[in-house]
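> So the protein sequences, as listed, match chains A, B, C and D. Residue numbers for the first sequence follow my numbering, so the first one is 137 and each next one is one higher. Residue numbers for the second sequence follow my numbering, so the first one is 137 and each next one is one higher. Residue numbers for the third sequence follow my numbering, so the first one is 137 and each next one is one higher. Residue numbers for the fourth sequence follow my numbering, so the first one is 137 and each next one is one higher.
The hints are simulated quantities; they were obtained by calculation from the structure and are not laboratory data. Please read these numbers as outputs of a predicted model, since none were measured by experiment. Check the hints yourself; a few may be wrong.
A pair counts as met if it fits within one copy or between any two copies, since identical chains are not told apart.
[Unchecked claim] With a straight-line Cα cutoff of 25 Å, these simulated DSS-like cross-link-like pairs (lysine-lysine) come out:
hint, residue 1, residue 2
1, Lys237, Lys161
2, Lys237, Lys278
3, Lys317, Lys152
4, Lys205, Lys140
5, Lys278, Lys152
6, Lys318, Lys205
7, Lys318, Lys140
8, Lys140, Lys278
9, Lys318, Lys152
10, Lys237, Lys205
11, Lys278, Lys205
12, Lys237, Lys300
13, Lys238, Lys317
14, Lys318, Lys238
15, Lys278, Lys300
4 protein chains.
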Amino acid sequence: MEDKNYFVAISGSLRKGSFNTMTLKAAQSLAPPNIIIDHLPIAEVPLYNQDLYTEVFPEAVERLVDAIKAAKAVIFVSPEYNFSIPGVLKNAIDFISRSPKKPLNMKAVGIMGASPGALGTARAQYHLRQVIGCLNAYVMNKPEVMISQVSTKFDQAGNLTDEKTAGLIRTFLESLAIFSKKLG
Amino acid sequence: MEDKNYFVAISGSLRKGSFNTMTLKAAQSLAPPNIIIDHLPIAEVPLYNQDLYTEVFPEAVERLVDAIKAAKAVIFVSPEYNFSIPGVLKNAIDFISRSPKKPLNMKAVGIMGASPGALGTARAQYHLRQVIGCLNAYVMNKPEVMISQVSTKFDQAGNLTDEKTAGLIRTFLESLAIFSKKLG
Amino acid sequence: MEDKNYFVAISGSLRKGSFNTMTLKAAQSLAPPNIIIDHLPIAEVPLYNQDLYTEVFPEAVERLVDAIKAAKAVIFVSPEYNFSIPGVLKNAIDFISRSPKKPLNMKAVGIMGASPGALGTARAQYHLRQVIGCLNAYVMNKPEVMISQVSTKFDQAGNLTDEKTAGLIRTFLESLAIFSKKLG
Amino acid sequence: MEDKNYFVAISGSLRKGSFNTMTLKAAQSLAPPNIIIDHLPIAEVPLYNQDLYTEVFPEAVERLVDAIKAAKAVIFVSPEYNFSIPGVLKNAIDFISRSPKKPLNMKAVGIMGASPGALGTARAQYHLRQVIGCLNAYVMNKPEVMISQVSTKFDQAGNLTDEKTAGLIRTFLESLAIFSKKLG
Numbered sequence: 137m138e139d140k141n142y143f144v145a146i147s148g149s150l151r152k153g154s155f156n157t158m159t160l161k162a163a164q165s166l167a168p169p170n171i172i173i174d175h176l177p178i179a180e181v182p183l184y185n186q187d188l189y190t191e192v193f194p195e196a197v198e199r200l201v202d203a204i205k206a207a208k209a210v211i212f213v214s215p216e217y218n219f220s221i222p223g224v225l226k227n228a229i230d231f232i233s234r235s236p237k238k239p240l241n242m243k244a245v246g247i248m249g250a251s252p253g254a255l256g257t258a259r260a261q262y263h264l265r266q267v268i269g270c271l272n273a274y275v276m277n278k279p280e281v282m283i284s285q286v287s288t289k290f291d292q293a294g295n296l297t298d299e300k301t302a303g304l305i306r307t308f309l310e311s312l313a314i315f316s317k318k319l320g
Numbered sequence: 137m138e139d140k141n142y143f144v145a146i147s148g149s150l151r152k153g154s155f156n157t158m159t160l161k162a163a164q165s166l167a168p169p170n171i172i173i174d175h176l177p178i179a180e181v182p183l184y185n186q187d188l189y190t191e192v193f194p195e196a197v198e199r200l201v202d203a204i205k206a207a208k209a210v211i212f213v214s215p216e217y218n219f220s221i222p223g224v225l226k227n228a229i230d231f232i233s234r235s236p237k238k239p240l241n242m243k244a245v246g247i248m249g250a251s252p253g254a255l256g257t258a259r260a261q262y263h264l265r266q267v268i269g270c271l272n273a274y275v276m277n278k279p280e281v282m283i284s285q286v287s288t289k290f291d292q293a294g295n296l297t298d299e300k301t302a303g304l305i306r307t308f309l310e311s312l313a314i315f316s317k318k319l320g
Numbered sequence: 137m138e139d140k141n142y143f144v145a146i147s148g149s150l151r152k153g154s155f156n157t158m159t160l161k162a163a164q165s166l167a168p169p170n171i172i173i174d175h176l177p178i179a180e181v182p183l184y185n186q187d188l189y190t191e192v193f194p195e196a197v198e199r200l201v202d203a204i205k206a207a208k209a210v211i212f213v214s215p216e217y218n219f220s221i222p223g224v225l226k227n228a229i230d231f232i233s234r235s236p237k238k239p240l241n242m243k244a245v246g247i248m249g250a251s252p253g254a255l256g257t258a259r260a261q262y263h264l265r266q267v268i269g270c271l272n273a274y275v276m277n278k279p280e281v282m283i284s285q286v287s288t289k290f291d292q293a294g295n296l297t298d299e300k301t302a303g304l305i306r307t308f309l310e311s312l313a314i315f316s317k318k319l320g
Numbered sequence: 137m138e139d140k141n142y143f144v145a146i147s148g149s150l151r152k153g154s155f156n157t158m159t160l161k162a163a164q165s166l167a168p169p170n171i172i173i174d175h176l177p178i179a180e181v182p183l184y185n186q187d188l189y190t191e192v193f194p195e196a197v198e199r200l201v202d203a204i205k206a207a208k209a210v211i212f213v214s215p216e217y218n219f220s221i222p223g224v225l226k227n228a229i230d231f232i233s234r235s236p237k238k239p240l241n242m243k244a245v246g247i248m249g250a251s252p253g254a255l256g257t258a259r260a261q262y263h264l265r266q267v268i269g270c271l272n273a274y275v276m277n278k279p280e281v282m283i284s285q286v287s288t289k290f291d292q293a294g295n296l297t298d299e300k301t302a303g304l305i306r307t308f309l310e311s312l313a314i315f316s317k318k319l320g
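Pulled out of the complex, with its shape left as it was, chain A reads as follows (with noise of 0.2 Å):
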């Protein structure tokens, strides 16, 4: 019998329509049989602020916490602002970090991003890929996934529409399967 894979997934954007979101979905419908994505959200995560936090999380975080924890890959989906990670999914992983679970410590990590432009959030991956091997978690090096031009990939209804892009996240997702295996 098949392994299953518990992967979770963040997307680095708190807006409805956002295509990094319709990404991470994609990549859902797209996973083989023994590749399960759970969708966290972040939207709840409070400004990391250490004299309120010392103690207690909020419930939010504490939800985030352990399903990383419990899980044997995670998934960044995520735009790019200002040529480098957006704040509010910096402030989600700097709210993880601090809890003493450490939930991502050798865990295998895989980076996606979409973006309008020619660069498909590249300087928000490398800085990632940093930030990510602070915590001792180890990011698959390939294949990376940048999508460019997204408003063309993606029909009206959100729904991936460029063969090309959908072949390349189901490949990543295999590889991280593979990839979180050599880690565990």
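Following the hints, put chains B, C and D in place on chain A, whose structure we already have.
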């Protein structure tokens, strides 16, 4: 009559006892008479969500935008979280960047940071430099202010006691005044 | 009478058919009458070894140093090798940086790059920006010239045929002339 | 019977009295009996030029390629030049990367560095991490070995005298042996 230099400064930490906020206050005290530094708070800046803030920005953001627009230079004094810019600071910058007033355009920027470890926020500073370049502001190259082992450099009352660091901050402020004139 | 702007340009590739050297030559052709661009070769710069070159520098290096010192602005046109600056270009910069004449100090710098892929040397450019900052030169923020799918933009004779790229290079050169005046 | 771990190490400096080469030699001495570290020289690697080396590679490069291919892990011990990787080291990596044998693919990599200043080559190390990721090798996250104020940590004969640094290097080597098993 000497020119007055109106600078604004933002701390990347929200906690009350922050060494970076102490460093910001030390800079205010150490500034020569022709440099005035206003401390701009970011604690009230909400998490950025394009669905909520397309037309009207929160008052806390508008105040930041207008103060930066009016300033000759902007100083960021920030801790490093997870090898990069704190999410709370990046979120504030992301929000400011959405303003049609483009307050950071062609602005002179200085970066300082203090950390308990050896690197003095170096990693966060180089990420921040990339972000500031995106907004078409220019970060002064030298001197770099990376305060390591910060807890040994302030007394219990929060006063900077390390003379070498004090001298560095004075040089930083005078250099920033010169640099801002070049760009202006 | 109009000011003449004397710029120098360095290609990060040594091979004869290099698209980046072609881009450099295209910039020479596209430059307005008040901008002259000298192409500085780096093929003769040996591998840097502090044991061999403490006092006397190779003539090829001294020529680079003096030409850069005399220029109003320096343009780097470079490929990306392995997600970063080509070793040959970095080696030339390392060598130049050892000169007591400090030719890059407070110099205006512009960066262009061309690649067969989608990112147009973005990763190399952000590393190069960090390096240039170390030497206390300032890299112009905008426009960024990242030429992707470069083989489709030149003809067999090595002439730039893509009008959009040509326009971008013209804007880049005019902006660099203005930027160099600010710093000067 | 215990496994033997065959590691190779490359110094990023060519000069004889290099503190980074001394650090490499210290690692050879400090290695436990089950770890053997071969020092691979890069002084003979010529400047990369695609016109000259398309089919046949210089022997110095082929020796590097084969030794890396045979090793369980690769250690880079490098100074920082101008806030980044030395050109001579980057050039050697660029050359190696052109080999169809892809010697670094899925290889475990460790990075160490020593500098006279406070940052201990941090900036060069993060650039090098990005480069290594391009070649589909994985850099061990922890421990990071960033040796600051290096001249105070070796004696005149080139022996490492700082016990804390010696302990860190021992931990680094043992961790790299474990990490290379995971990837292998």
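> Kindly indicate which numbered hints from before are broken by the structure, ordering the numbers from low to high.
The structure breaks hints 1, 3, 5, 9 and 12; every other hint is satisfied.
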